Amino acid sequence: GENVEQHPSTLSVQEGDSAVIKCTYSDSASNYFPWYKQELGKGPQLIIDIRSNVGEKKDQRIAVTLNKTAKHFSLHITETQPEDSAVYFCAATGAGSYQLTFGKGTKLSVIP
Amino acid sequence: ETGVTQTPRHLVMGMTNKKSLKCEQHLGHNAMYWYKQSAKKPLELMFVYNFKEQTENNSVPSRFSPECPNSSHLFLHLHTLQPEDSALYLCASSQDYGRQETQYFGPGTRLLVL
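Chains A and B, in that order, give the protein sequences. One gets my numbering by counting positions in the first sequence from 1 and adding 2 to each. Going by my numbering, the residue at position 80 of the second sequence is 64; the numbering climbs one at a time, nothing skipped.
It is possible that part of the hints are untrue.
[Unchecked claim] In silico EDC-like pairs for lysine to aspartate or glutamate, Cα to Cα no more than 16 Å straight-line:
hint : chain 1 : residue 1 : chain 2 : residue 2
1    : A       : K73       : A       : E4
2    : B       : K24       : A       : E7
3    : A       : K106      : B       : E85
[To be verified] Negatives, chain A to chain B, calculated, CB over 12 Å:
hint : residue
4    : V6
5    : Q47
6    : D51
7    : T71
8    : S76
None of these hints come from the bench; they were simulated from the model. Predicted, not measured: the structure shown is a model, and the values here were computed from it. Just so it is clear, CB atoms sit at the ideal spot from N, CA and C, and this is done for glycine as well.
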């Protein structure tokens, strides 16, 4: 089955700096890669996703890049703000399955 | 709000108790999911229902029993749980059950088994 590795597990940045979270996946046939943000006391919320027919997608301060050859994808947050502090999860769907396989999460802390 | 609600938000139960978790979605979706979220572990998919029919059961112990009476409601019945079952239980829904379907999560039920 699919295996998703996520790094780093914790990340601290100064407000205004950029943050990058990286994930690798094992199944070369995977074609859907969502990113979720989970704030304290809440469930995960989709913030951006990318499909395997594109290499990059942006939404204001958030961007995701996908390298299918290397089987990795990354979340980029620019001009970080304190409200970006949360746990971020990457996920992927493997071949032959509709199930999402999640990474272990990255706890992002933005220091004012 | 995501349109997915869960009750109760917190639950403490003994190993001999029977309790139920409830999930309701107001999004008109056809698929609903139960996930288990434990500290320092990836989200674990437990069950999937699509059009009220169970389509996935990821080797979940029988002490967890799901029920989906209609496409808007999902229950997780709990009995004779173990302390290691303590976790955040998340419900999610999606329009359909497919490979590129966005899943919308509820806030979860924090369960503590004593």
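Below or equal to 16 Å on CA atoms is what counts here, so check B:K24 against A:E7. Given pair B:K24, A:E7 holds - Cα atoms ~13 Å apart, limit 16 Å.
Between A:K73 and A:E4, is the straight-line Cα distance small enough, at 16 Å or below? Within the cut-off at roughly 12 Å; holds.
A:S76 remote from chain B - nearest C-beta pair above 12 Å: Non-interface label stands for A:S76: nearest chain B Cβ at 18 Å, farther than 12 Å.
Is the Cβ of A:Q47 farther than 12 Å from every Cβ of chain B? violated, 7 Å
A:V6 remote from chain B - nearest C-beta pair above 12 Å: Check fails; 7 Å does not lie beyond 12 Å.
Is the Cβ of A:T71 more than 12 Å away from each Cβ in chain B? About 21 Å separates A:T71 from the closest Cβ of chain B, which puts it past 12 Å; holds.
Given hint B:E85 paired with A:K106 - CA-CA distance at most 16 Å: violated, 21 Å
Beyond 12 Å from every chain B Cβ - status for A:D51: violated, 7 Å
Hints 3, 4, 5 and 6 from the earlier list are contradicted by this structure; the remaining hints agree with it.
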